[in-house]
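Asker: Sequence order for the protein chains is A and B. Residue 112, in my numbering, is where the first sequence stops; the numbers in between run on with no holes. Residue 115, in my numbering, is where the second sequence stops; the numbers in between run on with no holes.
Heads up, some of the hints might be wrong.
[To be verified] Once the Cα atoms are required to be at most 30 Å apart in a straight line, the calculated DSS-like pairs of lysine-lysine come out as:
#1 A:56 to A:71
#2 A:56 to A:68
#3 A:56 to B:7
#4 A:99 to A:71
#5 B:65 to A:56
#6 A:42 to A:99
#7 A:71 to B:65
#8 A:56 to A:99
#9 A:68 to A:99
#10 A:42 to B:7
#11 B:65 to B:7
#12 A:42 to A:56
[As the list claims (entries may be wrong)] With the Cβ distance kept under 10 Å, some of the chain B side facing chain A (calculated, not the full set):
#13 12
#14 27
#15 42
#16 45
#17 60
#18 63
#19 104
#20 106
#21 109
Derived by calculation from the structure, the hints in this document are not laboratory data. Even glycine gets a Cβ: it sits at the ideal position worked out from N, Cα and C.
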Amino acid sequence: GESVGLHLPTLSVQEGDNSIINCAYSNSASDYFIWYKQESGKGPQFIIDIRSNMDKRQGQRVTVLLNKTVKHLSLQIAATQPGDSAVYFCAENTDSSYKLIFGSGTRLLVRP
Amino acid sequence: SAVISQKPSRDICQRGTSLTIQCQVDSQVTMMFWYRQQPGQSLTLIATANQGSEATYESGFVIDKFPISRPNLTFSTLTVSNMSPEDSSIYLCSARAGQGAEGYTFGSGTRLTVV
């Protein structure tokens with residue numbers, strides 16, 4: 001399939017290590033933030049979200065941290081697996097508009 | 001969650017021609033969206049398409065270049081008109097089929113190459 005991450009920054013990690021992917025968002029009025037995973041030839045797939053009144057949320061093997069002071073979002077993936085190799089995007093949204101605005105992405109490469 | 005079928009999955013077109021991309025959702029949805037993803041970049045919202053009203057375009061995108069139809073609650077089309085090589089990109093359809101962040105679903109995209 002086509003690669004969507006040819007020119008995106010790449011994070012290379014060893015299988016089993018933890019990964020941290022960062023994102024800077026633009027709108028301080030956004031109500032919630034979402035992390036998506038995009039594999040080659042596919043559309044973005046929902047991973048986890050966090051509302052603006054929270055600073056941390058955990059899912060299965062993933063944790064999202066939100067720092068509203070510096071408008072920064074991070075995704076932590078524990079025990080990274082080869083299947084985690086993909087491009088990861090953050091997106092932000094306001095309750096009133098329903099539009100998803102995507103931030104820059106990061107290509108995650110997991111070394112076996 | 002809703003499933004989106006988008007076609008064609010890819011096409012190679014001559015400059016000056018137009019291509020219409022179709023997006024079919026397996027359930028009725030109020031809001032649909034069209035995105036462009038240029039090579040190696042993130043997704044940029046082109047427009048929001050709600051049934052029964054004109055599409056709302058984002059800054060930098062105009063109806064003459066990207067006309068959108070939304071004839072019912074399960075279907076939308078995006079046309080890329082008078083194409084140039086700069087239009088080479090992946091075009092993605094999205095729908096808000098449920099509440100909250102998990103309610104958004106995406107098609108697999110259309111890979112357009114203009115020669």
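Asker: None of the hints should be skipped; say for each whether it holds.
Answerer: Each hint, compared with the structure:
For the hint linking residue 56 of chain A to residue 71 of chain A, the alpha-carbon distance of about 14 Å falls within 30 Å, and the restraint holds. Only pairs whose Cα atoms come within 30 Å are accepted, and residue 56 of chain A paired with residue 68 of chain A is accepted, the gap being roughly 11 Å. Between residue 56 of chain A and residue 7 of chain B the CA atoms are separated by roughly 38 Å; this puts the pair beyond 30 Å, and the hint is violated. Restraint check for residue 99 of chain A and residue 71 of chain A: the C-alpha separation of about 19 Å stays at or below 30 Å, so the hint holds.
A distance of roughly 42 Å separates the Cα atoms of residue 65 of chain B and residue 56 of chain A; the hinted pair therefore is violated under the 30 Å criterion. As the CA atoms of residue 42 of chain A and residue 99 of chain A are separated by approximately 20 Å, the hinted pair is consistent with the 30 Å bound. Between residue 71 of chain A and residue 65 of chain B the CA atoms are separated by roughly 34 Å; this puts the pair beyond 30 Å, and the hint is violated. A hinted pair counts as satisfied when its Cα atoms are at most 30 Å apart, and residue 56 of chain A with residue 99 of chain A qualifies at roughly 23 Å.
For the hint linking residue 68 of chain A to residue 99 of chain A, the alpha-carbon distance of about 20 Å falls within 30 Å, and the restraint holds. The straight-line distance between the Cα atoms of residue 42 of chain A and residue 7 of chain B is roughly 13 Å, inside the 30 Å bound, and the hint therefore holds. Among the hinted pairs, residue 65 of chain B with residue 7 of chain B is consistent with the structure: their alpha-carbon atoms are about 19 Å apart, no more than 30 Å. With a C-alpha separation of about 28 Å, the suggested pairing of residue 42 of chain A with residue 56 of chain A holds against the 30 Å cut-off.
Look at residue 12 of chain B: its Cβ only gets to about 13 Å from chain A, farther than 10 Å, so that hint breaks. With 10 Å as the threshold, the beta carbon of residue 27 of chain B stays out of range of chain A, its nearest partner Cβ sitting at about 16 Å, so the hint is violated. Among the interface hints, the one on residue 42 of chain B holds; its C-beta lies about 5 Å from the nearest C-beta in chain A, closer than the 10 Å criterion. For residue 45 of chain B, the interface hint holds, the least distance from its beta-carbon to any beta-carbon of chain A being 6 Å, beneath 10 Å.
Below 10 Å, beta-carbon pairs count as interface contacts, and residue 60 of chain B has none with chain A, the closest being about 13 Å; its hint is therefore violated. For residue 63 of chain B, the suggested interface contact is broken, since its CB lies about 17 Å from the closest CB of chain A, more than 10 Å. With a cut of 10 Å, the hint placing residue 104 of chain B at the interface with chain A holds, because the nearest CB-to-CB distance is about 6 Å. Hint status for residue 106 of chain B relative to chain A: holds, with the closest Cβ pair at about 3 Å, below 10 Å.
For residue 109 of chain B, the interface hint holds, the least distance from its beta-carbon to any beta-carbon of chain A being 6 Å, beneath 10 Å.
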